[in-house]
Amino acid sequence: GENVEQHPSTLSVQEGDSAVIKCTYSDSASNYFPWYKQELGKGPQLIIDIRSNVGEKKDQRIAVTLNKTAKHFSLHITETQPEDSAVYFCAAKIRVGGGADGLTFGKGTHLIIQP
Amino acid sequence: DTGVSQNPRHKITKRGQNVTFRCDPISEHNRLYWYRQTLGQGPEFLTYFQNEAQLEKSRLLSDRFSAERPKGSFSTLEIQRTEQGDSAMYLCASSLLADTQYFGPGTRLTVL
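Residue numbers (the numbering used here), protein chains in the order written: chain A, 1080 to 1194; chain B, 11 to 122.
Among the hints, a few may not be true.
What the hints assert, rightly or not - The calculated lysine-lysine pairs, modelled on DSS-like cross-linking and capped at a C-alpha distance of 25 angstroms, are:
| id | chain 1 | residue 1 | chain 2 | residue 2 |
| --- | --- | --- | --- | --- |
| 1 | A | Lys1186 | B | Lys81 |
| 2 | B | Lys21 | B | Lys67 |
| 3 | A | Lys1121 | A | Lys1101 |
| 4 | A | Lys1121 | B | Lys21 |
| 5 | A | Lys1147 | A | Lys1116 |
| 6 | A | Lys1186 | A | Lys1136 |
Quick caveat, the hints were computed from the structure, so don't treat them as lab data.
Starting from the given sequences, assemble the full structure and let the hints guide the process.
This is the structure we're talking about:
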């Protein structure tokens, strides 16, 4: 099955600096890669996603890049703000029997924005 | 609130008891997913419905776990004879398109 590795597990950056979180996946058939932000006691919130037919996608301060050949994708957050502090998860879509789809998640990165 | 809702938000039960959680997806979303999240881990896919059809069961953790979506709207996840290892956050997500899944706030289960 699909396996998603995520690094680093903890990332501390100064407010205003950039943060980069990296993920690798194992199944070359995976074709959809979302990123979620999870705050304490809440469910994951989709922040950006990318499909395998594009290499980069941006949404204001957030960008995601995808390298299909190397099977890795990254989240870039620029001009970090205190409210960016949270746990971030990458995921890859898996396809299981019967045409059903589920997401395989990485273990998460705890992003800490230092004031 | 038009997001995914889950009830209850917290459930404390004794080992051996049965528990049932409910998920109400975003209106008109035909796909509904259940995940489990343990402390320090990402969500783990359990099962999936398209309308009322359950298209994947093999990821359910044991035969003590079952899910239904009888009318293609809300869904329930039941755990029978709970064990301490079942303590986790149970998350529901829904989608209209094949890819984009929106998660609810989760139900935190504690088994004593």
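- Against the structure shown, which of the earlier numbered hints fail to hold, in ascending order? Violated hint (a single one): 1; every other hint is consistent with the structure.
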